[in-house]
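Q: Since chain A is already given, all that's left is putting chain B on it; use the hints.
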Amino acid sequence: MAGAPDERRRGPAAGEQLQQQHVSCQVFPERLAQGNPQQGFFSSFFTSNQKCQLRLLKTLETNPYVKLLLDAMKHSGCAVNKDRHFSCEDCNGNVSGGFDASTSQPPKVLGLQVRATAPHLLKGLKDTSDLKCIVLCQNNIHNQAHMNRVVTHELIHAFDHCRAHVDWFTNIRHLACSEVRAANLSGDCSLVNEIFRLHFGLKQHHQTCVRDRATLSILAVRNISKEVAKKAVDEVFESCFNDHEPFGRIPHNKTYARYAHRDFENRDRYYSNI
Amino acid sequence: MADGSGWQPPRPCEAYRAEWKLCRSARHFLHHYYVHGERPACEQWQRDLASCRDWEERRNAEAQQSLCESERARVRAARKHILVWAPRQSPPPDWHLPLPQEKDE
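So the protein lines, in turn, are chains A and B. According to the numbering used here, the first sequence is numbered sequentially starting from 1. According to the numbering used here, the second sequence is numbered sequentially starting from 1001.
Isolated chain A (complex conformation) (with noise of 0.2 Å):
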């Protein structure tokens, strides 16, 4: 389950995207206990950590694409803990985030690394089947917008994983299914960040971008070839490209999104007079 990668990098598509199935929720002390000051002069404030923490609690406190879904995961009993599904932590390569579904077993039956030495995350879990996080990649997140993006795109995948059963492991389909979805409704796909990646085009280019971000974020998880995994994209394309759960349209900016929340708060009156 991809992060986006930032829109002013360009380069090879292996490697853009997380592992999800090697990333341990857990944050290795050593990196986080001081995080990793850089130059310049906003950075000389706060580690990039703090700016990662920062900007996180300001996306879900402002943004409406996030606040739209997190409300719809609470509705399905999927409640989001800042704290608890959240991690700012440095990746490698040119990733921006990643979900970690792991199923019930311990991570480590899944080939994880499992560090018991991150106290802060383990503490309240009765044990490591418990974890469940999206990691946000703090050395390749920059800005608010892109953590924004980032965000919106992880709980698209979390949302998925809490309304159906979706086999992130076996079953390609459903990877696929989900990662055209997240970059369909996440803003991956807009105008102006496609512009900014020098992709140009127009007239129904977002369809071409939705294929083509969600092949190569299948292609970072999975050891496959890129001719499978545009098929499988390509089977899934028509149902999941139309599948705009929970924002009931395509939000193109945050107006969109503003009123794609106000439908789901209005769900009950409207499916009751109808």
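Where hints are given, some of them may not hold.
In silico EDC-like links for lysine to aspartate or glutamate, alpha-carbon gap of 16 Å or less [to be verified]:
(1) A:Lys67 / A:Glu265
(2) B:Lys1080 / A:Glu245
(3) A:Lys74 / B:Asp1094
(4) B:Lys1080 / A:Glu238
The following label-pair restraints were derived from C-beta to C-beta distances [unchecked claim]:
(5) A:Leu54 / B:Arg1079: 37 to 47 Å
(6) A:Gln204 / B:Glu1043: 21 to 31 Å
(7) B:Gln1065 / A:Asp268: 46 to 56 Å
(8) B:Arg1079 / A:Arg258: 35 to 45 Å
(9) A:Leu57 / B:Ala1073: 36 to 46 Å
(10) B:Arg1079 / A:Asp167: 21 to 31 Å
(11) B:Gly1006 / A:Gln50: 49 to 59 Å
(12) B:Asn1060 / A:Leu54: 51 to 61 Å
(13) B:Ala1041 / A:Asp167: 18 to 28 Å
(14) B:Gln1065 / A:Gln50: 54 to 64 Å
(15) A:Glu245 / B:Glu1043: 35 to 45 Å
(16) B:Ala1073 / A:Glu238: 28 to 38 Å
(17) A:Val228 / B:Asn1060: 50 to 60 Å
Just so you know, the hints here were simulated from the structure itself, not pulled from any lab data. These numbers were taken from a predicted model, which means no experiment stands behind them. Every residue, glycine too, gets a C-beta built ideally from N, C-alpha and C.
A: For chain B alone, coordinates are given in the frame of chain A:
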């Protein structure tokens, strides 16, 4: 559709007006063309707005019927795609985490 005195339009009339206004905007034209490759169709929002106002002012039964049919068509259109995965009946059993107050146990 609920009949009788308990019925009200599925959305406030202001919501229909806002959707119609958004639909007709230049920015929405651009977004819609970028996604679908064609111009958006906004006439139904206008019809729904008129029906909503008609109901609010005159309690017109035809306006109520029109509004219900329009919204049901929207719901059908939103649900016509075949699901790739099976929906859950309950959230994942291992999603819930202990409350913060239980940290000290």
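Q: Each of the hints needs a verdict: does it hold here or not?
A: Evaluation of the provided hints:
1. A:Lys67 / A:Glu265: With a Cα-Cα distance of about 11 Å, the restraint between Lys67 (chain A) and Glu265 (chain A) holds, given a limit of 16 Å.
2. B:Lys1080 / A:Glu245: holds, 13 Å
3. A:Lys74 / B:Asp1094: Holds. Lys74 (chain A) to Asp1094 (chain B) sits at ~15 Å (cutoff 16 Å).
4. B:Lys1080 / A:Glu238: holds, 11 Å
5. A:Leu54 / B:Arg1079: 37 to 47 Å: Distance hint for Leu54 (chain A), Arg1079 (chain B) holds at roughly 40 Å.
6. A:Gln204 / B:Glu1043: 21 to 31 Å: With a Cβ separation near 22 Å, Gln204 (chain A) and Glu1043 (chain B) satisfy 21 to 31 Å, so the hint holds.
7. B:Gln1065 / A:Asp268: 46 to 56 Å: violated, 22 Å
8. B:Arg1079 / A:Arg258: 35 to 45 Å: violated, 23 Å
9. A:Leu57 / B:Ala1073: 36 to 46 Å: holds, 41 Å
10. B:Arg1079 / A:Asp167: 21 to 31 Å: holds, 22 Å
11. B:Gly1006 / A:Gln50: 49 to 59 Å: Taking Cβ atoms as reference, Gly1006 (chain B) and Gln50 (chain A) lie about 53 Å apart, which means the hint holds.
12. B:Asn1060 / A:Leu54: 51 to 61 Å: Given about 53 Å between the Cβ atoms, the range holds.
13. B:Ala1041 / A:Asp167: 18 to 28 Å: At 37 Å between Cβs, range violated.
14. B:Gln1065 / A:Gln50: 54 to 64 Å: holds, 58 Å
15. A:Glu245 / B:Glu1043: 35 to 45 Å: violated, 26 Å
16. B:Ala1073 / A:Glu238: 28 to 38 Å: violated, 20 Å
17. A:Val228 / B:Asn1060: 50 to 60 Å: holds, 57 Å
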